[in-house]
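Asker: Quick note on our numbering: the sequence shown kicks off at 163 and runs consecutively.
Treat the hints as calculated values from the structure; they're not laboratory data. Every value quoted in this text rests on a predicted model; they were computed, and no experiment measured them. Idealized CB from N, CA, C, for every residue including glycine. Worth double-checking, as some hints may not be accurate.
[What the hints assert, rightly or not] So the derived label-pair ranges between C-beta atoms look like this:
1) A425 with V379: 41 to 49 Å
2) V191 with G421: 35 to 43 Å
3) P424 with V379: 24 to 32 Å
4) G421 with D283: 19 to 27 Å
[Said to hold, decoys possible] Cut-off 16 Å, straight-line C-alpha distance, at most; resulting in silico cross-link-like pairs (EDC-like, lysine to aspartate or glutamate):
5) K459 with D278
6) K305 with D328
7) K282 with E303
8) K442 with E303
9) K442 with E422
10) K305 with D199
11) K459 with D199
12) K442 with E385
13) K173 with E213
14) K334 with D355
15) K304 with D283
16) K248 with D199
17) K282 with D182
18) K459 with E303
19) K442 with D417
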Amino acid sequence: MFIGIDWGGTKMEVIALDGDGETRARHRVATPTSGYDDCIRAVIDLVAAAEQTAGARGTIGIGIPGSPNPRTGIVRNSNAVLINGKPLGRDLEAALGREVRLANDANCLAVSEAVDGAGKDARVVFGVIVGTGHGGGLAIEKKVHAGYQGVAAEIGHYPLPWMTRDEYPGHKCWCGKLGCLDMYACGTGLELDYRTTTGIDRRGRDIIEAKRAGDPVAIGVYERFVDRLARSLALLTNVVDPDVFVLGGGMSNVDEIYGELPALITRYIFGDSFETPIRKAVHGDSSGVRGAAWLWKN
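Assemble the whole structure, with the sequences as input and the hints as a guide.
Answerer: See below:
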């Protein structure tokens, strides 16, 4: 039995999978905001509920926003702020009485899709979350590649590649730097561009519908978004050149981008063509929690 937990800023979800990837249990609760110890207790309760429903004991993998330092185990860069600065893995192992594997939630997306999703036929899978932010995860041979510092694939916090004169120096990111892709190649970036252009707040889904209806402002905002996403994937191609890109998050459901990205990426890569498959995550919103469970698959 493989138990995975997706630890988000607003909700925690647990899944129990058997060896064939069939769901044996699934539960969800709100992420406690009352304190770190309450979060640990919530994980204990989720594991107990999953094992009771599934009728079996399992391995435990947890996907978190942010990542643990591979040498100290201390969590950093998490929007679930209660776990920042904490030795989360060690504390969970002490509470649960067994080994726990932690990984960044975007890395869990990559592992999920590499094991039995859109990248199951590939050796090197780069997962890109295009949702509230712009995040990345890298799976090689169906295992997380977190890197020596534990920050491999943190693509949201390199600057927008090949900035135009109008884009430079870029919006200020929540991390304190300017021009991060987290402010551009995601749903939040789409909405920010629309607000900057028009002075009007509009939800991403409404911008996409307006674009489809022929609204020229929405079309311009959308075209800039896709071009910025293409620049990110082009830089990743130049550096990693994965066998497949798998997209997750809300903007991954905008079907038009899959036909438009390859030609745009070709403009930017250091090569004469771009043939890498770009696929939508098969498991959708479940990729994170499934990937956490599959941290023990191999």
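Asker: A separate judgement is required for each hint: does it hold in the structure or not?
Answerer: We went through each hint and held it up to the structure:
Taken as a hint, the range 41 to 49 Å is violated for the pair A425 and V379, whose Cβ atoms sit roughly 23 Å apart. Taking the beta carbon of each, V191 and G421 are about 39 Å apart, inside 35 to 43 Å as hinted. In this structure, P424 and V379 meet the distance hint of 24 to 32 Å, their C-beta atoms being roughly 26 Å apart. At about 21 Å, the CB distance of G421 to D283 agrees with the hint of 19 to 27 Å.
At most 16 Å may separate the alpha-carbon atoms for a hinted pair to count; K459 and D278 meet this at roughly 11 Å. For the given pair, K305 sits about 40 Å from D328 by alpha-carbon distance, which is inconsistent with the 16 Å threshold. A C-alpha spacing of about 10 Å is found between K282 and E303, which places the hinted pair at or below 16 Å, so the restraint holds. For the hint pairing K442 with E303, the CA-to-CA distance comes to about 20 Å; that exceeds 16 Å, so the pair is violated.
Between K442 and E422 the CA atoms are separated by roughly 14 Å; this keeps the pair inside 16 Å, and the hint holds. Distance hint between K305 and D199 is unfulfilled; the C-alpha atoms sit about 30 Å from each other, more than 16 Å. Distance hint between K459 and D199 is unfulfilled; the C-alpha atoms sit about 29 Å from each other, more than 16 Å. For the hint linking K442 to E385, the alpha-carbon distance of about 19 Å lies beyond 16 Å, and the restraint is violated.
Simply put, K173 and E213 have alpha-carbon atoms about 19 Å apart, too far for the 16 Å limit, and the pair is violated. The suggested pairing of K334 with D355 holds, with an alpha-carbon distance near 13 Å, which does not exceed 16 Å. Of the supplied pair hints, the one linking K304 and D283 holds, its CA atoms being roughly 10 Å apart against a limit of 16 Å. Only pairs whose Cα atoms come within 16 Å are accepted, and K248 paired with D199 is accepted, the gap being roughly 11 Å.
A hinted pair counts as satisfied when its Cα atoms are at most 16 Å apart, and K282 with D182 qualifies at roughly 14 Å. For the suggested pair K459 and E303, the alpha carbons sit about 11 Å apart, so the restraint of at most 16 Å is met. For a cut-off of 16 Å, the pair hint linking K442 to D417 stands: about 9 Å separates their Cα positions.
Checked against the numbered hints listed earlier, the structure breaks hints 1, 6, 8, 10, 11, 12, 13; every other hint is satisfied.
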